[in-house]
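Trainee: Just so we're aligned: 255 in the numbering used here is position 256 of the sequence shown, and the numbers increase by one with no gaps anywhere.
Some hints could be false.
Unchecked claim - Straight-line Cα separation of at most 16 Å, EDC-like style, residue types lysine to aspartate or glutamate; simulated pairs: (1) K229 - E263; (2) K124 - D111; (3) K152 - E120; (4) K241 - E74; (5) K1 - E51; (6) K153 - E109; (7) K92 - D47; (8) K153 - D131; (9) K262 - E51; (10) K86 - D72; (11) K124 - E145; (12) K151 - E120; (13) K262 - D47; (14) K92 - E51; (15) K3 - E34; (16) K241 - D111; (17) K12 - D111; (18) K229 - D260; (19) K153 - E34; (20) K3 - D30; (21) K86 - E74; (22) K248 - E7; (23) K241 - E263; (24) K152 - E192; (25) K248 - E91; (26) K55 - E263; (27) K92 - D30; (28) K241 - D137; (29) K152 - E263.
To be verified - Label pairs and their computed distance ranges (CB to CB): (30) Q160 - L84: 41 to 47 Å; (31) Q160 - D30: 38 to 44 Å; (32) Y267 - R18: 27 to 33 Å; (33) R185 - K92: 41 to 47 Å.
Simulated from the structure, these hints should not be mistaken for laboratory data. Think of the CB as a built atom: it goes at the ideal place given N, C-alpha and C, for glycine as much as any other residue.
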Amino acid sequence: MKVKEVIEAILTKACGERRIEPTCDRLVIGDPQMEVTGVVTSFMATVDVIQEAVNKGANMIVTHEPTWFTGMDSEDWCKTDSVYLAKRELLEKHNIAVWRFHDHMHLCDEPDLIYQGFIEEMGWKQYQTTPDSPWFFDIPEMRLQELCEFLKKKLNMSHLQVIGRSDMLCRRAIVLVGGGSLGLGREEMPMQEMDRSGADVMLCGDITEWTTCAYVNDAAQLGLNKALIKLGHERSEEAGMKNLVPWLKACLPSVPVFFADAKEPFQYV
């Protein structure tokens, strides 16, 4: 299959004939006519992920997030930037195409594919409060510290940022992966949903310290049974790209498909 055929097969499986415009989902680099030797999925086409694709003999990366460091992968600002030029040279040297699968992945005809991966990784499908909502879960009762240890093990994390009493009981969780915890254009949305749903704990990707962070911190200081666990954007969404592998294999039967973990970007010192 050619790069353009792989892209069309993915979009058709995700959304049928529907296409989202405007969108950040585009071929970031590479020849649409190139024959694909293998596909690597990852949260982001980092340099290490690019090298892993090379090692696996794959010449196409399906990435969820930007390659060129801004939301729309704009290259106008970085034409002479040393990091951009070195990364572009690496991709061109190995003749690798990078295609972004973001908007159509979240807004596909199926339930959000990123959330599907997170739910699969957690083993929480049976705890969804409603089958069509990937946000709310009635989990087995556990203390906040126990939930943190569970998440660290599942997501391969050494540290978590947490608000709330370590011994508080968690029963209902709201999960807002990636940038969803910033409110999707409405800063108040995560707080409203937490209150409306009666959630004890919020698992989130990105966070702003003076919005939801401050809200949950005040709730905890007031003695309310509220907590927040910050997973980070990458850790909260990478499972979606891992779970994408069998989904892709079903629509690309002749193309080898692999997962490469972009890994949490931070070290803790």
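Trainee: Now tell me if each hint is right for this structure.
Mentor: Consistency of the hints with the structure:
no.: 1; hint: K229 - E263; result: holds (13 Å)
no.: 2; hint: K124 - D111; result: holds (13 Å)
no.: 3; hint: K152 - E120; result: holds (11 Å)
no.: 4; hint: K241 - E74; result: violated (28 Å)
no.: 5; hint: K1 - E51; result: violated (21 Å)
no.: 6; hint: K153 - E109; result: violated (24 Å)
no.: 7; hint: K92 - D47; result: holds (15 Å)
no.: 8; hint: K153 - D131; result: violated (23 Å)
no.: 9; hint: K262 - E51; result: holds (13 Å)
no.: 10; hint: K86 - D72; result: holds (13 Å)
no.: 11; hint: K124 - E145; result: violated (19 Å)
no.: 12; hint: K151 - E120; result: holds (12 Å)
no.: 13; hint: K262 - D47; result: holds (9 Å)
no.: 14; hint: K92 - E51; result: holds (14 Å)
no.: 15; hint: K3 - E34; result: holds (9 Å)
no.: 16; hint: K241 - D111; result: holds (14 Å)
no.: 17; hint: K12 - D111; result: holds (13 Å)
no.: 18; hint: K229 - D260; result: violated (19 Å)
no.: 19; hint: K153 - E34; result: violated (36 Å)
no.: 20; hint: K3 - D30; result: holds (8 Å)
no.: 21; hint: K86 - E74; result: holds (12 Å)
no.: 22; hint: K248 - E7; result: holds (14 Å)
no.: 23; hint: K241 - E263; result: holds (14 Å)
no.: 24; hint: K152 - E192; result: violated (27 Å)
no.: 25; hint: K248 - E91; result: violated (26 Å)
no.: 26; hint: K55 - E263; result: violated (21 Å)
no.: 27; hint: K92 - D30; result: holds (13 Å)
no.: 28; hint: K241 - D137; result: violated (24 Å)
no.: 29; hint: K152 - E263; result: holds (14 Å)
no.: 30; hint: Q160 - L84: 41 to 47 Å; result: violated (34 Å)
no.: 31; hint: Q160 - D30: 38 to 44 Å; result: holds (42 Å)
no.: 32; hint: Y267 - R18: 27 to 33 Å; result: violated (41 Å)
no.: 33; hint: R185 - K92: 41 to 47 Å; result: holds (43 Å)
Comparing the model with each numbered hint stated earlier shows that hints 4, 5, 6, 8, 11, 18, 19, 24, 25, 26, 28, 30, 32 do not hold.
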